[in-house]
Amino acid sequence: MYPSRFHYEAPRSLEEAFDLLRTYGDEAKVIAGGQSLIPLMKLRFASIGVLIDLNTIPGLDYLDVGPDGSLHIGALCRHRTLEYSDMLRSKQPTISATAPLISDPMVRTRGTLVGSLCHADPQGDWASVMLALDGEIIAAGPDGERTIPTSQFVVGPFQNSLRPGEIAVGARVPAPRGTPVGTYLKLERRVGDFATVGVAVALDMSGGSVVRAGIALTGVGANNIKATAAEQALVGSALNAGTIEQAARLAAEAAQPKSDVRGSATYKRHVVHTFVTRALTSREARAA
Amino acid sequence: MEERRVTMIVNGEPRTADVEPRILLAHFIREVLGMTGTHIGCDTTNCGVCTVLCDGLPIKSCTMFAVMMDGHEITTVEGLGMSSELHPIQQGFRQEHGLQCGFCTPGMMMASKALLAENINPTEEDIRWALAGNLCRCTGYQNIVKAVIWAAEKMRSETAVSR
Numbered sequence: 000m001y002p003s004r005f006h007y008e009a010p011r012s013l014e015e016a017f018d019l020l021r022t023y024g025d026e027a028k029v030i031a032g033g034q035s036l037i038p039l040m041k042l043r044f045a046s047i048g049v050l051i052d053l054n055t056i057p058g059l060d061y062l063d064v065g066p067d068g069s070l071h072i073g074a075l076c077r078h079r080t081l082e083y084s085d086m087l088r089s090k091q092p093t094i095s096a097t098a099p100l101i102s103d104p105m106v107r108t109r110g111t112l113v114g115s116l117c118h119a120d121p122q123g124d125w126a127s128v129m130l131a132l133d134g135e136i137i138a139a140g141p142d143g144e145r146t147i148p149t150s151q152f153v154v155g156p157f158q159n160s161l162r163p164g165e166i167a168v169g170a171r172v173p174a175p176r177g178t179p180v181g182t183y184l185k186l187e188r189r190v191g192d193f194a195t196v197g198v199a200v201a202l203d204m205s206g207g208s209v210v211r212a213g214i215a216l217t218g219v220g221a222n223n224i225k226a227t228a229a230e231q232a233l234v235g236s237a238l239n240a241g242t243i244e245q246a247a248r249l250a251a252e253a254a255q256p257k258s259d260v261r262g263s264a265t266y267k268r269h270v271v272h273t274f275v276t277r278a279l280t281s282r283e284a285r286a287a
Numbered sequence: 000m001e002e003r004r005v006t007m008i009v010n011g012e013p014r015t016a017d018v019e020p021r022i023l024l025a026h027f028i029r030e031v032l033g034m035t036g037t038h039i040g041c042d043t044t045n046c047g048v049c050t051v052l053c054d055g056l057p058i059k060s061c062t063m064f065a066v067m068m069d070g071h072e073i074t075t076v077e078g079l080g081m082s083s084e085l086h087p088i089q090q091g092f093r094q095e096h097g098l099q100c101g102f103c104t105p106g107m108m109m110a111s112k113a114l115l116a117e118n119i120n121p122t123e124e125d126i127r128w129a130l131a132g133n134l135c136r137c138t139g140y141q142n143i144v145k146a147v148i149w150a151a152e153k154m155r156s157e158t159a160v161s162r
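Line by line, the protein sequences give chains S and Z. Using numbering that gives the first Met the number 0, read the first sequence as starting at 0 and increasing by one per residue. Using numbering that gives the first Met the number 0, read the second sequence as starting at 0 and increasing by one per residue.
Treat the hints as calculated values from the structure; they're not laboratory data. Ideal Cβ positions, reconstructed from N, Cα and C, are used throughout, including at glycine. A hint or two may mislead.
One-sided and incomplete, this derived list gives chain S residues near chain Z with beta-carbon spacing under 8 Å [claimed, not checked]:
hint: 1; residue: M0
hint: 2; residue: H6
hint: 3; residue: Y7
hint: 4; residue: Q34
hint: 5; residue: M105
hint: 6; residue: V106
hint: 7; residue: P156
hint: 8; residue: G191
Pairwise CB distance ranges, derived in the manner of DEER restraints [stated by the list, open to error]:
hint: 9; chain 1: S; residue 1: V190; chain 2: Z; residue 2: I8; range: 28 to 34 Å
hint: 10; chain 1: S; residue 1: A174; chain 2: Z; residue 2: E72; range: 37 to 43 Å
hint: 11; chain 1: S; residue 1: R88; chain 2: Z; residue 2: E84; range: 38 to 44 Å
hint: 12; chain 1: S; residue 1: D259; chain 2: Z; residue 2: E84; range: 49 to 55 Å
Negatives, chain S to chain Z, calculated, CB over 10 Å [unchecked claim]:
hint: 13; residue: G33
hint: 14; residue: P57
hint: 15; residue: Y61
hint: 16; residue: D85
hint: 17; residue: P99
Please model the entire structure based on the sequences and the hints provided.
Written out as structure tokens, the structure reads:
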């Protein structure tokens with residue numbers, strides 16, 4: 000109900016935040032949106048000695064496209080900002096399609112994509128999207144910055160590879176190598192539930208051909224799954240009934256679903272196949 | 000016991016208190032400020048009965064620490080209207096019977112207020128999406144949607160008249 004007692008700090012700069020992390024070490028945890036962390040604290044699954052609020056640090060809420068065409072999402076960029084961004088609809092349709100499907104409107108007001116990645120819930124949606132987009136986390140510490148590919152950032156259930164004293168300050172998605180086409184399809188029992196099955200599809204298309212393909216799956220394995228075989232089958236091809244069916248089949252084979260209250264393993268695998276087909280058969284995919 | 004001073008503008012009035020960092024905004028509103036219109040329901044960030052507006056946007060006050068709201072503007076259902084002068088949203092819930100037990104209603108109305116601030120002519124689908132984070136066990140949502148449609152029309156006509 001109540002979290003256990005903690006000390007609260009509201010740093011005004013990243014440098015101040017790094018100092019606080021150094022001072023308090025293991026006792027400390029940073030908070031951005033808090034829409035995953037606070038529920039854990041209320042259930043006392045997380046016992047935190049010192050909470051360091053990132054919301055009081057200016058300049059972390061950016062969402063923009065760099066001169067090289069790469070997309071930059073700051074640590075305090077809210078799901079709501081992604082949902083309402085017109086720029087994102089054309090520049091990164093997969094991210095644009097995912098944002099409204101995250102939880103519910105109130106959670107989206109505060110929650111952040113970067114925070115969600117750091118939380119590393121194996122049933123989380125954003126890790127699949129970032130895997131499909133070859134996205135990276137930007138980690139900053141007192142000694143400087145480094146970029147961490149998503150596959151190396153999420154290392155286990157609720158475990159990320161940030162070093163002590165490091166803060167994830169943003170995420171970066173490389174520039175598309177063609178027209179970006181894609182979507183996120185999520186089957187959930189009700190709004191706010193975790194995905195029964197989620198499928199992220201992100202293609203870079205040029206001249207009717209797939210230059211780069213990203214397909215990743217949520218909720219059908221111990222963690223988010225990058226469907227590499229399905230991706231590779233698409234690269235260099237046009238999208239037609241044959242290539243789409245092959246990709247859908249390979250993606251379904253990559254899934255490792257478990258039967259549970261949300262559905263049987265067979266059913267979930269079938270949904271993967273259906274969603275990949277649907278995403279690749281979309282009007283946008285055919286037009287590119 | 001460590002306490003921290005927090006000041007927020009609540010329904011237009013600055014309110015200051017010394018609180019433990021762990022006190023949730025929902026408890027702060029109810030127990031420190033004495034405004035019990037904001038409800039506490041599920042304890043798992045699901046139900047939305049605790050919905051308030053933070054700087055005009057809807058948040059779940061059960062999933063926010065009061066200390067994090069220092070310097071921010073909070074609107075609760077008490078700031079929506081008064082019995083002598085109901086807000087169109089409150090009128091709509093009354094006219095269209097948008098409540099039975101009333102437990103979810105403050106949250107529903109605050110989420111609706113946020114919707115109508117950005118879209119004064121929502122479709123039924125817009126309304127259902129906007130209220131997706133607010134659960135109701137009594138009504139089956141039908142009359143809640145009608146209430147918001149009623150309120151939107153009232154607010155549109157009031158804007159038209161004042162022009």
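The hints, checked one at a time:
1. M0: At about 6 Å, which falls below the 8 Å cut-off, the nearest Cβ of chain Z leaves the hint on M0/S intact, so it holds.
2. H6: It holds, given that the least Cβ distance between H6/S and chain Z is near 6 Å, below 8 Å.
3. Y7: Result: holds, 4 Å to nearest chain Z Cβ.
4. Q34: holds, 6 Å
5. M105: Interface hint status for M105/S: holds (5 Å vs cutoff 8 Å).
6. V106: holds, 7 Å
7. P156: violated, 19 Å
8. G191: holds, 6 Å
9. V190/S to I8/Z: 28 to 34 Å: holds, 31 Å
10. A174/S to E72/Z: 37 to 43 Å: The hinted range 37 to 43 Å holds for A174/S and E72/Z, with Cβ atoms some 39 Å apart.
11. R88/S to E84/Z: 38 to 44 Å: holds, 41 Å
12. D259/S to E84/Z: 49 to 55 Å: holds, 51 Å
13. G33: violated, 7 Å
14. P57: Correct as stated: the minimum Cβ-Cβ distance to chain Z is 13 Å, above 10 Å.
15. Y61: Answer for Y61/S: holds, closest chain Z Cβ roughly 19 Å.
16. D85: With a cut-off of 10 Å, D85/S remains clear of chain Z, as the shortest Cβ separation is near 14 Å.
17. P99: violated, 8 Å
Against the hints set out earlier in the document, violations occur for numbers 7, 13, 17.
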